[in-house]
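> Here are the chains, one letter per residue:
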Amino acid sequence: MNEYVELILTAVVIVAEALIVNAYNNYLFSPKYSKLNTICAYALGYAVLLFIAAVFNNLITNSIAYMLVNLIIMYKLYACGLISAVFHSVVLTAFMSLSEVLSSTILSVYTHEFSSYQTQISVFVALTVISKMIYFLLCIISAKMFSPRKSQVYENNSMLKLCVLPMSSIIIADTIAYISMNLELPMDLQISVSVCLGVLFFANIYTIGIYSTTENLNRDNLILKLARQKDESNAEFYKMLQEQNEKQRILIHDVKNHMQIVNSLAVDGKTDEIQEYITKWGFDKAFQSQTRYSDNDTLNLVVTKLSHDCEENGIDLFCDIREQCVDFIDDIDVAALFGNLLTNAFESAVISDEKIIEIDIQIKPVQKMTIIRITNSCDLKPTKTNDGLFISSKTNKGQHGIGQKSIARIVKKYNGTAQSYYDENKKQFEWVIILPMI
Amino acid sequence: MNLRILFCDDDNEIMTSLHKMVLEYFSSVNQPEPECELFNSGEELLASGAVGDIAFLDVEMDGLSGIHTGERLKKLNPRIKIIIVTSFSDYLDEAMKFHVFRYLSKPVDKNRLFRNLKEALYQINTYSKSMVVETDCGYETVYAEDIVYIESCGRKAMFHTVDKNFVSIKGIDYWTKAIDIPCFYSTNRGCIVNMKYVSFFNENTVTVTCECFSANVYIARRRFKSFRDAYLFYVRSKE
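In the order they appear, the protein sequences are chains F and E. With my numbering as the guide, the letters of the first sequence map in order to residues 6 to 443. With my numbering as the guide, the letters of the second sequence map in order to residues 442 to 680.
Quick caveat, the hints were computed from the structure, so don't treat them as lab data. Since the model is a prediction, treat every value here as computed from it, not as a measurement. Be aware that one or more of the hints could be misleading.
Residues on chain F that point at chain E, a partial pick, calculated with CB under 7 Å [as the list claims (entries may be wrong)]:
id, residue
1, Val371
2, Gln372
3, Gln424
Beta carbons are placed, not taken as given, at the ideal position from N, Cα and C, and that holds for glycine.
Using the sequences plus the hints, can you model the full thing?
Quick look at the structure:
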């Protein structure tokens, strides 16, 4: 292999390394500059590495240069602290060295003198592909481990499952190296095999890169969706607050009127009339305390909101919620679980002839168990999908099943059991959820 | 023996209307009319020494409240089904603390009353049944709802109840066929559990817990799904 070919191959290897490091950095950190500026900076940094590799061709010098270039790239191009940049550049350099050692170890299984075969292009390329694939694998695992974007809302390990691609490629490259060492391949065949290995290598990086981008997009979309839901909840809350303020304003106005009447009766000395008036006043709906449905504040709020909606839409609401029955559930989960259950119940009952919603939450203190039953009128028979979910009558088709998935997620989180039933005779839909009290 | 229902409310009009609705229910389901006793205060009810299967108690009464009357009745007869009737939301918290079967809001909704009566009668007619078990020493009388589980003991069967254990001279095969009450389920060839006491279950084990003890029984893998369905059905029929 002449030195020009070697230089070209080294340049290709350096481009591959730049792509891997770029994918690694993009997964872990947010870029500070535009794509074009970032590409230029990478090109410059790795051109320096190529120059050092061509001039010195020394392992220690190459490693130090590699570490420094990556350190500068991370620190300058990404939102990354100095300590983090030092740590990750050391990690990348260590991975690079480890991958070189491992690839040599794999090929030394066939023969201890495999280095003598490296003059063959196909063996050299196969060795390089194995080494870079191992490096790529280590970078994927490390990026997954150190990713700051881990979140409870989106946890997906498909990226790790995709590691089967570089692993298979390592086996293919290893087999080609073995064949090349045992058979004297003609030069044109060696070049063809080398090109194939190169294509395989870049296809790996491309596929996983595309997958990583898609995964990030999905995660960002989900976060956006959740943020939008939060905004909608806030808007709902402010609307309720506004209504409450309006009711309070009317109440103050009424109190003033009542006091004026009492005052004028007092001036005339009509004590019996005052007594009668105050008694009547006490029966005014506005002066009666609001029903408390549960001793849990969050659940009480959710049910109170439902009771307002039911009152406005002529739905009969029955509640039997026992004491301390949901205290072991986080407030956020109480809101999500009952929010979804009761929203679905309301949406179904409101379009049914017999409008009934029944909330029944019982507690078995000795068995440490809470039993939730939500029953609602449901004229339209819901359809059960393959995954056991019921398709509701929501007008927004895109929202189908999201509520049920949320219910299922919370039930699973608390090691519970849930089942839904539809009674065709009574035209009633029912959820039964059993949750062990943790 | 006829069913006995107690009513206690200081408002005669409401009590009479509730009484009529209850009789209407029994007539609608072709059941014999129950023996009903009506009282205007908790003190009057307790002084009469009346023992009932179901009691409708108004929360707010002069003197002894419905909650306290219910507590005393429950001490006299732990199997009584107490239904609290209330129109005051402030009393709701207290009613929830007390172990009532159901509570009804005034004005009483007929459909809801009928549903609650149906559930109460179902429980009285099934779970509160007493059974006589022959042992080596004689005969033991036990309420079905007090049996936690029955397990095979050689050719005999060991009854684990909430307050005692005893051995029936008849084997588990006999009891598997003889106990025709929906709350009992045979988890494997050698064991029958009362679903009332199930506190946990998975594909291998069912845990039964009462106030005095807890026990794990093995469930045959092929019976798990039908057990889960039966348990959910039991829960739906209401505790």
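> With reference to the structure, classify each hint as holding or not holding.
Cross-check of the supplied hints:
At about 5 Å, the closest approach between the beta carbon of F/Val371 and any beta carbon in chain E falls short of 7 Å, and the interface hint on this residue holds. With a cut of 7 Å, the hint placing F/Gln372 at the interface with chain E holds, because the nearest CB-to-CB distance is about 4 Å. Against a cut-off of 7 Å between C-beta atoms, the interface hint on F/Gln424 holds, since the closest Cβ of chain E lies about 5 Å away.
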